[in-house]
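Peer 1: Using the sequences and the hints, build the whole thing.
Residue numbers (this note's numbering), protein chains in the order written: chain A, 17 to 224; chain B, 196 to 272.
To be clear, the hints were calculated from the coordinates, so they are not data collected in a lab. Since the structure is predicted, the reported quantities are computational estimates derived from the model, not experimental observations.
With a cut-off of at most 35 Å between alpha-carbon atoms, the simulated DSBU-like pairs for lysine-lysine come out as follows:
| no. | chain 1 | residue 1 | chain 2 | residue 2 |
| --- | --- | --- | --- | --- |
| 1 | B | K255 | A | K197 |
| 2 | A | K210 | B | K255 |
| 3 | A | K100 | B | K232 |
| 4 | B | K232 | A | K153 |
| 5 | A | K210 | A | K40 |
| 6 | A | K65 | B | K255 |
| 7 | B | K255 | A | K100 |
| 8 | A | K210 | B | K235 |
| 9 | B | K244 | A | K153 |
| 10 | B | K232 | A | K210 |
| 11 | B | K255 | A | K163 |
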Amino acid sequence: MARMKFLCDAERCIECNGCVTACKQEHEIPWGVNRRRVVTLNDGVPGEKSISVACMHCSDAPCMAVCPVDCFYKTSEGVVLHDKDLCIGCGYCFYACPFGAPQFPQDGAFGLRGKMDKCTFCAGGPELDFSAAEFRKYGRNRLAEGKLPACAEMCSTKALLGGDSDVISDIYRNRVLKRGKGSEVWGWGTAYGKPEQKPAAQPGATKS
Amino acid sequence: MRRALFIAAGAVLAWGLAGCGEKPTATVYKQGQYQGKPDKQPWDNDQFKGDRVAWEQQIKRRNDGQNEYARATPSAN
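Peer 2: Structure below.
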């Protein structure tokens, strides 16, 4: 199994926000937190382009590097996850992330910043699979059910592809050859342009 | 007088060369070591019972399902 990646085809995205809705519904994301969002460039101008953006689970994830409490880890499938029990909500990852993926829900009174929340590639987190704690903290674990992220599987135009990088790259390459244009994959180089960075394994951790 | 000039010239030279000793200020990020709880592999559950191959086959089927060119094959006629 190669590593998991997201790929958004700007030629196909119709800004329907189906991916955003699928994500919200699948994980019961609270109000004010958007793990995924659709960004439109030159909105309203003929030729506008939209792309669906979330955590890209980068090869050399800057969030992992800047985290002061080292709460991030990378699974064997290349999915970047974090332990919410460790997160202190400092927001460093938000400043480091080139995609603006980390989200901070309001926690308590006076607008206090809660623990970071982000796209998990529908892979849950470091809790017992399918447990109530896992769902409450990280959302549904579709990967452990043998499914791909809800956003990609729900995409009506298949603009958003998510899964094994070899397969989705082939799908995209075939599309570009057939239509003869739109070979640019925005964010791909930023997310996956660097060599895969694997942090040192924590003793006892199976995903690292 | 000459002594004062030498001292002044030496001071100017030292001040001018001080810029050459500037240290690089670019941050070098180092990956930390994960400090949180361990997580299991996605196939280590009741559904797949540790069968990695079965899990990978299931994921591959889902991956291929995203290719509409393969799903909607044009008919021969």
